[in-house]
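Using the sequences provided together with the hints, build the complete structure.
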Amino acid sequence: MVTSQKQQKSKNIEAIYPLTPMQEGMLFHTLYAPNSGVDTEHIVLTFAGKMNTEIFKQSWQQLVQRHGALRTVFVWEGRQQPLQVVKKQVDLPWNYLDWQNISLREQQEKLEAFLKSDRNQGFQLNKAPLMRCTLIRLANKTYKLIWTFHHILIDGWCFPIILKEVLSYYQSSHQGQRCNLPPVRPYKDYIVWLQQQDLDAAEGFWRKNLQGFTTPTPLVVEKLQQQQLQNLPSYQYQQLTLGETTTNALQSFVRQYRLTPNTLVQAAWALLLNRYSEESQVLFGVTVSGRPANLSGVEEMVGMFLNTLPLGVQVSPKEQLIPWLQQLNQKQLALQEYSYSSLVEIQRLSEIPARLALFESILVFENYPFDSSSGTIIPDLQILGLDSFSQTNYPLTLLAAVTPGDFLLKISYDTSRFAADTIARILGHLQNLLEAMVTNPNIELGQLPLITEVEREQILVEWNNTITDYPTDKCIHQLFEEQVQKTPDAVAVVFEQQKLTYSQLNNKANQLAHYLQKLGVVPDTLVGICVERSVEMVVGLLAILKAGGAYVPLDPSYPSERLAYMVADAQVSVLLTQESLLTLLPESQAQIVCLDSNAHLWSDCSPGNLSSEVQPSNLGYVIYTSGSTGKPKGVAMSQGALVNLLHWQQQETIVGQGAKTLQFAPISFDVSFQEIFSTCCGGGTLVLVSSELRRDPLALMEFLTQHQVERLFLPFVALQQLASVASQCPNLPPLREVITAGEQLQVTPELVEMLKRLPKCKLQNQYGPSESHVVSAYTLEGDADNWPKLPPIGSPIANTQFYVLSSEQQPVPVGVPGELYIGGVGLANGYLKRPELTAEKFIPNPFDATKNSKLYKTGDLVRYLADGNIEFISRIDNQVKIRGYRIETGEIEATLTQHPTVKETIVVPRGDSPGDKRLVAYIVPNPNQETTPNSNPELSEIEQIGKWKQYLQQQLPEYMIPSGFVILSQLPLTPSGKVDRKALPVPEIATNYRNQEYIASRDRQELQLVKIWENLLKVHPVSVRDNFFDLGGHSLLAVRLMN
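Using this note's numbering, you'd call the opening residue of the sequence shown number 1 and step up by one each time.
Because the hints were derived from the structure by calculation, they are not lab data. Any given hint might turn out to be false.
Ranges between beta-carbon positions, derived for each pair [said to hold, decoys possible]:
1. Q706 to R562: 32 to 42 Å
2. A33 to P160: 27 to 37 Å
3. T415 to K947: 46 to 56 Å
4. Q447 to Q61: 56 to 66 Å
List of simulated lysine-lysine pairs, BS3-like, C-alpha gap at most 30 Å [as the list claims (entries may be wrong)]:
5. K1011 to K949
6. K116 to K57
7. K499 to K474
8. K660 to K978
9. K88 to K11
10. K223 to K1011
11. K127 to K50
12. K208 to K127
13. K188 to K116
14. K188 to K87
15. K188 to K57
16. K499 to K518
17. K474 to K833
18. K88 to K164
19. K518 to K474
20. K188 to K141
21. K857 to K631
22. K978 to K949
23. K660 to K518
24. K223 to K410
The structure displayed is predicted, hence computed values, not measured ones. Using N, Cα and C, we set each Cβ at its ideal position, and we do this for glycine too.
Written out as structure tokens, the structure reads:
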């Protein structure tokens, strides 16, 4: 019986031959993701007229018998090389549905559901046939045919051939005649031709063409990885037609310069990738027909001739358009000569690692020889419409086609990686580039406009329309004095057992200010202040401003060398301090004033307000920040810039007069200015906290509750520490406003849970470098469960402008990363006594003709969102690139902090040995969770790291998994509360895949797998923890591995 079945199967075999390179790739992707719908194609034809459905069905069956490619299956199990087998006889599955009695709307809904279900059904590639037809009757004389097939059988060139032949069979049978189509050359002849090609010549061509490409060109407009976590690949498409006028202009343009429409679309896509990624060399996939001109009859053959090849394009802004297009046209012709090359083999010849895709996007130009008369060759039956639906394994596929009187651009995209509005913008930018090329043939590439005037107006003008009235004639101390008049008896500042009302604080500050003026303090005099947290600290700051000077905060925790440099660099003439800190201070020419032991020196001075010549243009403070040279640099901020910030903050806040604000930041951190002066100039109470309580989250939470604090300014790390202990507190403070800045905000589970217990509290993410203080804000309100994990930094505050620019300082489109430049009244004057650095960072504003208008170059990589908010991505100078992938470490951190055993974490790139850049995660475990079993502590730590790694592997792609993990009791912090990256320890053990200790096979199954890997990969020895693709594996070897 079994022998009989085998004989029967062998009798039904017409031919056996190898696969083409394209077919091999399709086989791998189908086996890898069998239910993904990849390479399952739909052709949907709408017919009008009288149709004999039985004859129509028979016509399709005749077509299947005519072409061996349509009777082909694929076998791979137990074979060194997959093969395609042509069956002699195959019955085409045919389904007939009658939808005449339902509405048009229901018909459309059912059609969409059917297409989705049919695509998900897919095909088993080893069972014939790999195509099926469904005929749906929509009305008395209206039909839809859904022809479903796997792309591995045929390419798009075959569509019009097949359609024309089906209609010929139908017409002949309908008229009772025999259809005498000419003989067709079998597909196997192409396979024979393919095996005769010169592989050595192709190898030399591809090595030369891909030289210099080490990574795929990134699709920088995709969603951040954190936003992709919960979504599986799912594909949609959008399309755009250019219209008859533009199409005619394109056709005329390519004829005039002896180009092809295909070259023009390739040029537009290369320019778009260049502008988006800012890479001068871009690489993307293109499809070639693969039909060799020297194979007679190839135009009428049915099968898979198509191939996908990499096209590398150099884009130089100064190059002239027409010569560049002609070079690109010649390059396309050169590709055709080696169109038979295997993509896997091409990647092996390139410098791009095997674990990476060769390219992220693919361009398909459809220029098939479709006979427009096909729809009318049968008098009683016409084709009203033809739609095609396809899905590649690439995240983004651009399809272009010239149709009668129109030019179609269609993008199929993975919705888990791209937003719909992003794709719409891409299509618009492609249209802009195509139209600009045909209307400006003598233009340089860099001058071709990517964005429209409407887009330009939106991002440069509309979103920067922040002009708001504020007291331009006032200084900071005057705002405070106005508040004193309003609420003289209200409590202004509290520290431990001390309290000062507004009137008392004003009087004390006035007395000290009079004394400072006696010491020679005038406008722009720099006065140092080195004090511990105390009421005197606030008095001292106010006094310096009232005297007309600018304060220079000197943190007592700083090393003595750093303090000495700052005092000398600022040429501090007066230095306010406390008796206990005198030994820390460096020797200098400054007049030392102890706010505690020297208080008698100004006790007789007038408590009345002073008169001074200070103007808004004079300095308010000079705060020192880290410098790239290792020496700190002083940021000089004017009174006017700070008054604008205070006015905006007072308009923005939801807490009223009398509300208590925590003073958390050291005065050397610019956020302290906001805490102190937005409170004291707004009628609130400033609650100072001791240094000891600042470092103890649980004690700090109890302190906030005890003092009924309503507003907090905290860096994210401190906020997360506070949130992590909230569950231990039965009562929480009556917080109404939590403001965070200085670091990327992450909405962690602990933060969400804490804020759920504070329903009246809003969370605001503020952004601003020291060179501008706060310049943007994004408020999170409503259901915290729906907040983004990495919130935007928002839009510019009052009288501030944002510009997201390319490296050429040109505006980039919405969604495209660029460097953030800040303009407006909030900018600092520059760096103290650093004119060259000031000129480098504070540049003339090219978008504002106003005299002396400047932009600050932040060095932050950001992008505009569709609603005008800004999304922070990373520091440009710290952007991580590991194994060819760009990685934003904040996304890994945000994912890790979702794990219940992680209290806080930071992920940094380390290169502790040459050529070994890798990611290391530093983790502080959550003490409230049982993180390790009560066994061997050493084993427990390894097991815990394994759990974290496994968790990340479920959430993130492999290249984003840190190769090293270090467990810390706490993260090292700078005095301002940010993570001190320089203090992070070097990891002792690298848990990188290949770098870790070799582990031999431990049982029979592992031994068998190791031998298979060694034979396939030609690598010895293989460790049981090695990664297949890291050792040189690729898709075709993976197919063999499956056997």
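Status of the hints after comparison with the structure:
1. Q706 to R562: 32 to 42 Å: holds, 35 Å
2. A33 to P160: 27 to 37 Å: holds, 30 Å
3. T415 to K947: 46 to 56 Å: With Cβ atoms ~31 Å apart, the hint is violated.
4. Q447 to Q61: 56 to 66 Å: holds, 58 Å
5. K1011 to K949: holds, 27 Å
6. K116 to K57: holds, 23 Å
7. K499 to K474: holds, 28 Å
8. K660 to K978: Holds, because 24 Å separates the two Cα atoms, which is no more than 30 Å.
9. K88 to K11: holds, 8 Å
10. K223 to K1011: With Cα atoms ~41 Å apart, K223 and K1011 exceed 30 Å; violated.
11. K127 to K50: violated, 34 Å
12. K208 to K127: Answer violated: K208 to K127 is near 41 Å, above 30 Å.
13. K188 to K116: violated, 33 Å
14. K188 to K87: Judged against 30 Å, a Cα distance of about 13 Å means the pair holds.
15. K188 to K57: Holds, at about 27 Å.
16. K499 to K518: holds, 28 Å
17. K474 to K833: Holds, at about 26 Å.
18. K88 to K164: Roughly 23 Å separates the two Cα atoms, so the pair holds.
19. K518 to K474: Distance ~24 Å between K518 and K474 Cα, so the pair holds.
20. K188 to K141: Violated: K188 and K141 sit about 40 Å apart, past 30 Å.
21. K857 to K631: Distance ~20 Å between K857 and K631 Cα, so the pair holds.
22. K978 to K949: Distance ~26 Å between K978 and K949 Cα, so the pair holds.
23. K660 to K518: Distance of about 35 Å is beyond 30 Å: violated.
24. K223 to K410: Judged against 30 Å, a Cα distance of about 20 Å means the pair holds.
The structure fails hints 3, 10, 11, 12, 13, 20, 23 (numbered hints given earlier, in ascending order).
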